[in-house]
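Please arrange chain D on chain L, whose structure you already have, making use of the hints.
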Amino acid sequence: MWTLADRLLSSRFLLGTAQYPSLKVMQEVIQASQAQVLTVSLKRQCPRENAGADFWSALQKLNCQLLPNTAGCRSAEEAVATAEMAREIFQTSWIKLEVIGDDYSLQPDPFELLKAAEALVQKGFEVFPYTTDDFVLGQRLVDCGCRILMPWASPIGSGKGLLNPYALAVLRDRLPEVTLIIDAGLGKPSQATQALELGYDGVLLNSAVALAEKPVLMAAAFRDAIIAGRAAFKAGLMLERNTACPSTSLIDTPFWRQERSDEP
Amino acid sequence: MMILLNSQPTAIPENCDLLTLLEATFSACFSTFCAVAVNRRFVARARYSQTTLRENDQVDIVVPMQGG
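Protein sequences appear in the order of chains L and D.
Here my numbering is used: position 228 in the first sequence is 317, and no number is missing along the way.
Here my numbering is used: position 46 in the second sequence is 47, and no number is missing along the way.
Chain L extracted, bound-state conformation (with noise of 0.2 Å):
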């Protein structure tokens, strides 16, 4: 069991809830990974249109704790009326706070995610800030009252994995009272291994599930993996050595040493 933000987990895998070919798929794939937390959205809909009701009774249906997103936003201002209207609508104070810069890398709007971090930590909520791997903008967020950091592993949607583990290594080495979780990037098991060999406290994903071939076998394998790296943290990895290191000892070998008689 491990605590995020006030609330007690098993399961350290955060799970999206888009791209599924359909709300059953969805439902299966969420039951297969054992995630507790799952990440929604708002759009603009009128109501008249029934808009959302499918979605919204399969949620119900879940029992998980929701992270409603900010997606699409590209100001501080836009970013805190939306998590505004997403604590009223989903019923909790938590929030992953993304604030765009960059329509081709999808990358953070350092500036603007700082102050509307500021701001929704003053009215209350608890903020998950999606953000790069800087260290510096990091401190900056925990020092304005984020107790969560989630930076990117690479870009959103792209399943390139960690491009810079060094980074993130120096968040969690620097960072060490703040929960971290990666968010975005990530492709394969693996990859979610290896973030949580590092020492991440979980990892948050969607594409990499939603568009596999087979997307519920794929919430099983992130599952695994996810558990396989925390297990590998705890366990305490070796260190990596430059040179070879026979794990055999070669004292007493046959033949070692054994001086060949055609030698000059």
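For the record, the hints were derived by calculation from the structure and aren't laboratory data.
Just so you know, these numbers come straight off a predicted model, no measurement behind them.
All residues carry an ideal CB built from backbone N, CA and C; glycine is no exception.
Mixed in with the good hints, there may be bad ones.
One side only, chain D facing chain L, incomplete, derived with CB under 7 Å [stated by the list, open to error]: (1) Asn7; (2) Phe34; (3) Ala36; (4) Ala38; (5) Arg41; (6) Arg42; (7) Phe43; (8) Asp61; (9) Val63; (10) Val64; (11) Pro65; (12) Met66; (13) Gln67; (14) Gly68; (15) Gly69.
Now the stretches of chain L that chain D is said to cover, found in silico as 3 or more residues with beta-carbon under 8 Å [unchecked claim]: (16) 94-107; (17) 121-135; (18) 150-161; (19) 164-170; (20) 174-182.
Per label pair, the in silico range of CB-to-CB distance [to be verified]: (21) L:Leu112 x D:Asp18: 31 to 41 Å; (22) D:Arg42 x L:Arg236: 25 to 35 Å; (23) D:Thr21 x L:Lys212: 23 to 33 Å; (24) D:Gln51 x L:Glu266: 36 to 46 Å; (25) D:Thr53 x L:Lys212: 22 to 32 Å; (26) D:Asn57 x L:Leu151: 33 to 43 Å; (27) L:Ser111 x D:Arg55: 37 to 47 Å; (28) D:Phe27 x L:Lys212: 22 to 32 Å; (29) L:Arg263 x D:Asp18: 43 to 53 Å; (30) L:Asp313 x D:Phe27: 42 to 52 Å; (31) D:Gln59 x L:Leu326: 50 to 60 Å; (32) D:Asp18 x L:Glu266: 44 to 54 Å; (33) L:Arg263 x D:Ala25: 47 to 57 Å; (34) L:Val114 x D:Thr21: 40 to 50 Å.
What follows is chain D alone, placed relative to chain L:
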């Protein structure tokens, strides 16, 4: 007067408040899983009746959707 309701030009009576607009436009369909912003600022449900709309106001109504 005209407002923008989810970006669509919409005619409403003068001095119409947000609650009246929502009830008149959506009647029973308007439910608890919607939230509203006026001119990009969130308006809490409890304040709908006190929020008088003005010419060219932008009213955005959002509903839950899947997200990553």
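Hint by hint, here is what the structure shows:
1. Asn7: holds, 5 Å
2. Phe34: Hint holds; phenylalanine 34 (chain D) Cβ to chain L Cβ min 5 Å, cut 7 Å.
3. Ala36: Result: holds, 4 Å to nearest chain L Cβ.
4. Ala38: holds, 5 Å
5. Arg41: holds, 6 Å
6. Arg42: For arginine 42 (chain D), the interface hint holds, since the closest Cβ of chain L sits about 6 Å away, which is under 7 Å.
7. Phe43: It holds, given that the least Cβ distance between phenylalanine 43 (chain D) and chain L is near 4 Å, below 7 Å.
8. Asp61: With a minimum Cβ separation of about 6 Å from chain L (threshold 7 Å), the hint on aspartate 61 (chain D) holds.
9. Val63: holds, 4 Å
10. Val64: holds, 4 Å
11. Pro65: Nearest chain L Cβ about 4 Å off; hint holds.
12. Met66: Given a least distance of 4 Å, the restraint on methionine 66 (chain D) holds.
13. Gln67: holds, 4 Å
14. Gly68: holds, 3 Å
15. Gly69: Given a least distance of 3 Å, the restraint on glycine 69 (chain D) holds.
16. 94-107: With 3 residues close enough to chain D, the hint holds.
17. 121-135: holds (count 8)
18. 150-161: holds (count 3)
19. 164-170: holds (count 4)
20. 174-182: holds (count 5)
21. L:Leu112 x D:Asp18: 31 to 41 Å: Since the Cβ atoms of leucine 112 (chain L) and aspartate 18 (chain D) sit about 36 Å apart, the hinted range of 31 to 41 Å holds.
22. D:Arg42 x L:Arg236: 25 to 35 Å: holds, 27 Å
23. D:Thr21 x L:Lys212: 23 to 33 Å: For threonine 21 (chain D) and lysine 212 (chain L) the Cβ distance comes to about 28 Å; the hint holds.
24. D:Gln51 x L:Glu266: 36 to 46 Å: About 43 Å separates the Cβ atoms of glutamine 51 (chain D) and glutamate 266 (chain L), which means 36 to 46 Å holds.
25. D:Thr53 x L:Lys212: 22 to 32 Å: At 24 Å between Cβs, range holds.
26. D:Asn57 x L:Leu151: 33 to 43 Å: holds, 41 Å
27. L:Ser111 x D:Arg55: 37 to 47 Å: Between serine 111 (chain L) and arginine 55 (chain D), where Cβ atoms are some 43 Å apart, the hint holds.
28. D:Phe27 x L:Lys212: 22 to 32 Å: holds, 28 Å
29. L:Arg263 x D:Asp18: 43 to 53 Å: For aspartate 18 (chain D) against arginine 263 (chain L), whose Cβ atoms are near 51 Å apart, the range 43 to 53 Å holds.
30. L:Asp313 x D:Phe27: 42 to 52 Å: Holds, since aspartate 313 (chain L) and phenylalanine 27 (chain D) (Cβ atoms, about 46 Å apart) stay within the stated range.
31. D:Gln59 x L:Leu326: 50 to 60 Å: holds, 54 Å
32. D:Asp18 x L:Glu266: 44 to 54 Å: Holds: the Cβ-Cβ distance is about 47 Å, inside 44 to 54 Å.
33. L:Arg263 x D:Ala25: 47 to 57 Å: holds, 56 Å
34. L:Val114 x D:Thr21: 40 to 50 Å: About 41 Å separates the Cβ atoms of valine 114 (chain L) and threonine 21 (chain D), which means 40 to 50 Å holds.
In this structure, every one of the numbered hints holds.
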